[in-house]
Amino acid sequence: EAQVTQNPRYLITVTGKKLTVTCSQNMNHEYMSWYRQDPGLGLRQIYYSMNVEVTDKGDVPEGYKVSRKEKRNFPLILESPSPNQTSLYFCASSLFQGGTEAFFGQGTRLTVV
Amino acid sequence: SQQGEEDPQALSIQEGENATMNCSYKTSINNLQWYRQNSGRGLVHLILIRSNEREKHSGRLRVTLDTSKKSSSLLITASRAADTASYFCATGPTGTASKLTFGTGTRLQVTL
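Heads up: the protein sequence lines correspond to chains A and B, in order.
Position one of the first sequence corresponds to residue 1 (our numbering), numbered consecutively onward.
Position one of the second sequence corresponds to residue 1 (our numbering), numbered consecutively onward.
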């Protein structure tokens, strides 16, 4: 089954404790991206990757890092999480860059206290 | 930055009625897509309409696109309780830009 898998689904952490949210897709898609969703603000892109070893900033990249060492994986790293990073995070992939159908993971609800 | 703005923000209808949601956007697009999100879950792609198309159908969904007005509408006919969800439009870029840009969504409630 074609899917994008994120882990964990829920995470509560403390300020400053490094964390990684994993994302994996099994569709051989070139393009992957991370979004955060906040009430009233819709989905905002954090980072994206057009292929292995090619990543770039989206609209709200501050406080986040990503890597793309393999085509299928695109982890999101919060080196020093802060409460304003409490949000619902989604990983998405698509065959090519952003103008094609995007497949979304189930989301990671992160709370930073 | 948000490209699409959905209208209305919230819509409540009864089962069997039609639901219409609108999306307006600001810049030129290659395509426009509609997604559905059930509460707190991932978005699911519904339909894509290209900039040179005016109307597209998929089951109970009908999408129109008016590039001169920079607007699109999503019609769900004969709605069901299972259609209760948030609906987002997303614009696909032209040129070398590389991302979909989402609006803030319309929350649809379908009651029995």
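Check the hints yourself; a few may be wrong.
Here chain A is said to cover these stretches of chain B; the calculated rule only asks that three of the stretch's residues, wherever they fall, bring their Cβ under 8 angstroms from a Cβ of chain A [as the list claims (entries may be wrong)]:
1) 65-71
2) 103-111
One side only, chain A facing chain B, incomplete, derived with CB under 10 angstroms [to be verified]:
3) Val4
4) Tyr64
5) Thr86
6) Phe90
No lab work stands behind these hints: they were computed from the structure.
Ideal placement from N, C-alpha and C gives every residue a C-beta, glycine not left out.
A quick look at each hint next to the structure:
no.	hint	in the structure
1	65-71	violated (count 0)
2	103-111	holds (count 3)
3	Val4	holds (8 angstroms)
4	Tyr64	violated (15 angstroms)
5	Thr86	violated (14 angstroms)
6	Phe90	holds (6 angstroms)
In terms of the numbered hints stated before, the structure departs from hints 1, 4 and 5, listed from lowest to highest.
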